[in-house]
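Just so you know, the protein sequences line up as chains A and B, in that order.
For the first sequence, position 87 (counting from the first letter as 1) is numbered 87 according to my numbering, and the numbering increases by one without interruption.
For the second sequence, position 63 (counting from the first letter as 1) is numbered 63 according to my numbering, and the numbering increases by one without interruption.
Some clues are possibly wrong.
To be verified - Simulated coverage check for chain B against chain A, where a stretch passes if three residues somewhere in it have a Cβ under 8 Å from a Cβ of chain A:
| no. | region |
| --- | --- |
| 1 | 22 to 34 |
| 2 | 38 to 47 |
| 3 | 58 to 66 |
| 4 | 70 to 82 |
| 5 | 91 to 98 |
Derived by calculation from the structure, the hints in this document are not laboratory data.
For each residue, glycine too, the CB sits at the ideal point set by N, CA and C.
Listed below are the residues making up each chain.
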Amino acid sequence: MRILKSTKPQTDEWTQCLIRVKNDRDAQQFAMLFGHFAPRVKAFLMKSGASEALADDALQDAMVQVWNKAHLFDPTKASAATWIYTIVRNKQIDAIRKQRRPEPEDLPWATTSPVDPADIVEMSQQEQKLRSAIKSLPTDQRTMIEKAYLGELSHSEIADVTGLPLGTIKSRIRLGLERLRREMRLGKS
Amino acid sequence: MTSVNIRHHLPEAVVAAYAAGTLPEAFSLVVASHASMCDQCRATIQSYEAVGGAVLEQVDHATLSPDALAATMARISLGDGATAPMPAPERKTIFPKPLMSYVGGGPDRVKWRRVGGGVKQAILPCDGEATARLIYIPAGAAMPDHSHRGMELTMVLQGAFSDDGDRFQRGDVEMGDDSLWHIPVADPGEDCICLAATSAPLRFKGWVPRLLQPFFRI
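Chain A with its partners taken away, still in its complex shape (with noise of 0.2 Å):
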């Protein structure tokens, strides 16, 4: 049997999920989320060097953090994925590292003009675009890449990190800010 599939871009799945639990506090969206992203969680901590009762545990304050900061979400910044993953590391820094994590000074996100739906998607199709590019890299590339953002580099080839295609992404990030910074100065005048 085939499915036909629509090609009108869309948005990922998890960051509409998101987007609901923000606007609705919808329980039942959350718990497909945690579905989803707790064991995925689980796994990163533990790769990180978490016991599976840190990790447990972490896991469990990660979530919450998702429930609790979900106004702070904005989806023409960053996916569902990329937004829990600041989460996840910023508590393994926290929680397992004993560390504070120095942040650049929070941005008033909530602006006075609507969203336009258009940046959602575009953003979401750039990160899926750069999710199948890093799986399309021979194995041992991605290797290196996952052993980056899980601590445990052990080689010369953080190179292999910094070549990745990100121009597109970090263009449409600028173009956000820089919206932002006009709307900060009409606000202010």
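Given the coordinates of chain A, assemble chain B onto it according to the supplied hints.
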């Protein structure tokens, strides 16, 4: 707090390590301070975070404890962590916000110690792998002789300095290593304040050479 005049940005490998969460705290403080003023580097950080998102999507699945979701939902319904304290409105200083939280305020809160030649410094509390400090160089003065025993990432917060033909002003960062012998000199006219992260010499065999290899071609 952005500056369009920034000409010296963070090395890409440093940004990647920051996004991956593997950079020592002192260096992360410089990265966060610079990105608070520089949208170009902020965007680069976020694009490397998208790589982290891809890694999270592609990592294996671990088996959860059977009550993991129920326990998480229980904590959510108890309001666990839901009442994040509203940050007190902070007055503007020359320090970017991440730095202010380490100093406990602006430049007037810094506990300077004299190190000679009118130069002052203050060590900031960071985890042991690397040291963060604020450096105060009087206008027109040179940094006292200091050898890089490891890597150093310096950001200008006030004034400007020149180093080996390059000029660094507010927001700019300079990356140095022990192959670089240099004497930064503050511009005349205004005292120069910098934030610097230095890797501890014992840790030199750790992440730093690997990380910077593609840049310095060591």
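Hints not upheld, ascending by number: Nothing - there is no hint that the structure violates, so all of them hold.
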